[in-house]
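Participant: Sequence:
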Amino acid sequence: MNGEFIEALDQIEKEKGISKDILIDAIEAALISGYKRNYGSAQNVKVYINRDTGEVRVFSLKDVVDEVEDELLHISLEDAKKIDSNYEIGDVIEKEVTPKNFGRIAAQTAKQVVVQRIREAERGIIFDEFINRESEIVTGIVQRISKGNVFVNLGKTEAILAPGEQIEGETYKHNDRIKSYIVEVKKTTKGPQIMVSRTHPGLVKRLFELEVPEIHDGVVEIKSVAREAGSRSKLAVHSHDMNVDPVGACVGHKGVRVQAIVDELKGEKIDIIKWSENPEEFIASSLSPSKVVKVEVKDDEKSALVVVPDFQLSLAIGKEGQNARLAAKLTGWKIDIKSETQYKEYIQQKSSS
1 MNGEFIEALD
11 QIEKEKGISK
21 DILIDAIEAA
31 LISGYKRNYG
41 SAQNVKVYIN
51 RDTGEVRVFS
61 LKDVVDEVED
71 ELLHISLEDA
81 KKIDSNYEIG
91 DVIEKEVTPK
101 NFGRIAAQTA
111 KQVVVQRIRE
121 AERGIIFDEF
131 INRESEIVTG
141 IVQRISKGNV
151 FVNLGKTEAI
161 LAPGEQIEGE
171 TYKHNDRIKS
181 YIVEVKKTTK
191 GPQIMVSRTH
201 PGLVKRLFEL
211 EVPEIHDGVV
221 EIKSVAREAG
231 SRSKLAVHSH
241 DMNVDPVGAC
251 VGHKGVRVQA
261 IVDELKGEKI
271 DIIKWSENPE
281 EFIASSLSPS
291 KVVKVEVKDD
301 EKSALVVVPD
311 FQLSLAIGKE
321 GQNARLAAKL
331 TGWKIDIKSE
341 TQYKEYIQQK
351 SSS
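Sequential numbering of the sequence shown, starting at 1, is according to the numbering used here.
What the hints contain is simulated information worked out from the structure, not anything from laboratory work. If you're wondering where the values come from, they're calculated on a predicted model, not measured in any experiment. All C-beta atoms in this analysis are idealised placements derived from N, C-alpha and C, irrespective of residue type, glycine included. Hints are not guaranteed to be accurate.
BS3-like cross-link-like pairs, simulated, lysine-lysine; straight-line CA separation at most 30 Å [to be verified]: (1) K223 to K302; (2) K190 to K179; (3) K46 to K20; (4) K95 to K111; (5) K20 to K95; (6) K269 to K302; (7) K254 to K223; (8) K319 to K274; (9) K223 to K147; (10) K16 to K147; (11) K187 to K269; (12) K344 to K302; (13) K156 to K179; (14) K81 to K20; (15) K100 to K190; (16) K291 to K274; (17) K20 to K187; (18) K173 to K156; (19) K269 to K179; (20) K223 to K186; (21) K205 to K111; (22) K205 to K274; (23) K20 to K36; (24) K16 to K187; (25) K95 to K82.
Pairwise CB distance ranges (calculated) [what the hints assert, rightly or not]: (26) E7 to E134: 35 to 43 Å; (27) Q193 to N38: 30 to 38 Å; (28) R57 to E88: 18 to 26 Å; (29) N86 to A107: 34 to 42 Å; (30) S146 to E345: 32 to 40 Å; (31) Q112 to K81: 39 to 47 Å; (32) K187 to A162: 28 to 36 Å; (33) E134 to K266: 23 to 31 Å; (34) R37 to S85: 22 to 30 Å; (35) L210 to Q322: 20 to 28 Å.
Work out the full structure, taking the sequences as your base and the hints as a guide.
Facilitator: Pasting the structure below:
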């Protein structure tokens, strides 16, 4: 190796932010293994790289001892004093053993170490970037599909959209551009592993933050989200400004804002309702589009009995119970829905018992 190699390390330090000293230390450590492997040496050796010229030198190390047990590792005090009278027990003698053709091995090893360290550093930078982006939206290009996993190119790295995080019925083709939600970033031996989702409720929340300036600015707040991916989502919103309608802000002029999100989610229906700190009001709103006649809450059980018009019972419950299920998720309350007729019968039973 030579001065040009040292200059290259200086350049790497500037461009990649990897310390030259750390690289040289790593190369020296790798060269010790390389020396022992190529020259069948069992002795202790030290490799020294000149920080200015790049010159590589190999030294054997021997401990000065009273009694020599291994000639490769030890030297007697008597023999040590023949070299230098100042040596004492416990000192270490260094003797240069640099092979003539060691420069070639050193150059190959150094290149491998530098490439590996650059790769590790780049992986570290990518990990640091994406670990801070957990719970955010990323846009990527579908690269390939393998064993049900969709690999999404994010530019610097790939993300994995696992089968369980894919919207049922949604198809993904090579070069499709998709938005997804980062659920987890893990450090692995092969670099950062970024797991993304298309089904997470957070995706809906982040899409509204991107689409609605009032949410981004903090005027309108998303209080909760309930989602059954690919089918329906419910969003509870609240305005911190009396002059701003939170539902209207999310819907947008002629529905343009919410429609953009529906399109991104391939037609998933979205109900936007006004949040209220009053449980009765919030629960009644959560069952939209159904009208609600009455709400009776039991605070201690965090449960509610909701009465709806007879003709709207099936609408309130929803197909296969979906509307009621999402309302319960959105509000955090157990909800029992009865029609007006059922409620009258319920009251009569209670009064007669």
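Participant: Checking against the hints above, which ones are violated?
Facilitator: 9, 10, 11, 14, 15, 21, 30, 32, 34
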